[in-house]
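J.: Here's the letter readout for the chains.
Protein chains: 2
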Amino acid sequence: MDEFELIRRYFVRPDDGKGVITGIGDDGAVLRPEPGRELVTVIDTLVEGTHFPSEMSAMDLGYRAVAVNLSDIAAMAARPLWMTLALTMPPRPDEWLDGFASGLFAAARDHDLALVGGDTTSGPCVVVSVQITGDVGAGAALLRSGAQPGDTVYVTGTVGDAAAGLSMMGSPDADEFLARRFLRPQARVQAGLALAGIASACIDVSDGLAGDLGKLLDASGVGADLNLDALPLSDAMAAAFDDDVGRRFAATGGDDYELCFTSSRSVPAEIGGVPVTAIGTVNDGDRLVCRSGGAVVEVDDSGYRHF
Amino acid sequence: MDEFELIRRYFVRPDDGKGVITGIGDDGAVLRPEPGRELVTVIDTLVEGTHFPSEMSAMDLGYRAVAVNLSDIAAMAARPLWMTLALTMPPRPDEWLDGFASGLFAAARDHDLALVGGDTTSGPCVVVSVQITGDVGAGAALLRSGAQPGDTVYVTGTVGDAAAGLSMMGSPDADEFLARRFLRPQARVQAGLALAGIASACIDVSDGLAGDLGKLLDASGVGADLNLDALPLSDAMAAAFDDDVGRRFAATGGDDYELCFTSSRSVPAEIGGVPVTAIGTVNDGDRLVCRSGGAVVEVDDSGYRHF
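Chains as they are written, first to last, in my numbering: chain A, -3 to 303; chain B, -3 to 303.
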């Protein structure tokens, strides 16, 4: 099967995306932006062996490659519109591509996202880059740089689950909910859209809550106190791990794809269908200080330790 | 050097692109489309060992990764605006990244193209995906599907040079002009823009002239006669190869990134600063027939042979 046949068979679906004039099959896609709106573009790559284990199913991989990018779109309070795919892979059976495409389109369909172009190439391992363009009202994109001293820090959903799930993968005690949080991240697109006008700054939690919140604070030129005792843990996490371990996953584990945001306004307990928890306060300092039981705690990639 | 430092050091340049509101550094870029225009999006991947030899310089690779995408933008008669980069690579010295970024920005600068986002990841070999978005007037995108019986087939510049250059690479007789045609392809962006209103259909020559023209004909539902004797060969090709070999490179060699287009109108001898040559005629058949010395000639990937 040559590249063109492969694309036709697995990746061409009816062009029902918003504003898609010409989709896959020409030198490029032709797209019509909605008058008066601005565009938001994100790109994220998953490399076999670096970002996901080789034994991950093709369907989960296809889903995940889209979801991690949708999470960036969500963090900008944008509406997803169009996606392009660069897929590099060694020879794989047809079932692999079939599964990959199924996962990819499942994640896209949830958010009315159209695949408008791509390139499939052969290489020594699987490398998937997905690029998504969305749109926002003029001036309404939610940046990392708007946090102000006095704002409250919030996070959606529960954190640490994906890292906990990944740590158990392949073990007989593996928890299905936690594994699925890694394999099938749910981008908080509806929550992101609902944050427009509420949040002052936002970032998605992909590299670990403390590290990602640190980036938001740097971009805003502020500091914050983070209350580790307030981090929302899932029931599955609480059942599978001691509280200390669970909180370490929550503070430093990656791949949750929840939204961490700041706001000076009154924030409802649930946004876009997902619970929201206050976890800290922005101040006029220049760093993130984590606290637990009233004491300052140092958090780093290998966990956190009490002074 | 972590990913963030790497991006800051090599890939963040002043945001002077058209319509760039927020560039690299947030979860996504924020871009303002020009009212009333449509967008054209293209993506192309280069894999080490598949699309380029490992000994290719980082600077040439950076340049080439942008140029091959600009060529798709040119084939749509679009104006390049914004670029995202997904770069996967094994550990490389700083000089490699410095060279890669220099080549990338050199190709971008020629066309006022801004790098607005990207992702750098580690992997077993170099994989570069560049995605470019440009714009066109509403309804003005030049597709593959508009060729009509009676149209003349044209090609810009000279063809076969890149494949000839690649075939000589590393040899003591290597011709510098031909090698450079492979290493530093010049996307015909100005020619593409000038083709709006002149051409009925267009494709860029990346996989070989006969094959790419065949795709244009398929998309248009027509056939064509291609006059192999009319294919424009460079002086360097004529000096380095016998005429038969040169015409085989011209008909089937890839990587030229010239534009092949059809038109029923009067076409000037030079478009967008590049010479244009008539090489065939569209008919109401359903296939491409190649002729040389009046006789039908079969062209395939391994060359062409007389009946």
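The hints are simulated quantities; they were obtained by calculation from the structure and are not laboratory data.
The reader is advised that the hints may include incorrect statements.
It does not matter which identical chain is used: a pair holds within one copy or between any two.
As the list claims (entries may be wrong) - Capping the alpha-carbon separation at 20 Å, the derived lysine to any residue pairs in SDA-like fashion look like this:
hint, residue 1, residue 2
1, K14, G32
2, K14, A274
3, K14, G207
4, K14, M55
5, K211, T116
Keep in mind that this is a model prediction, so the values were computed, not measured.
J.: Now look at each hint and say whether the structure bears it out.
T.: Do the hints match the structure? See the list:
no.	hint	in the structure
1	K14 to G32	both (15 Å within a copy, 16 Å between copies)
2	K14 to A274	neither (36 Å within a copy, 39 Å between copies)
3	K14 to G207	neither (35 Å within a copy, 32 Å between copies)
4	K14 to M55	neither (25 Å within a copy, 38 Å between copies)
5	K211 to T116	between (34 Å within a copy, 17 Å between copies)
Comparing the model with each earlier hint shows violations of hints 2, 3 and 4; every other hint is respected.
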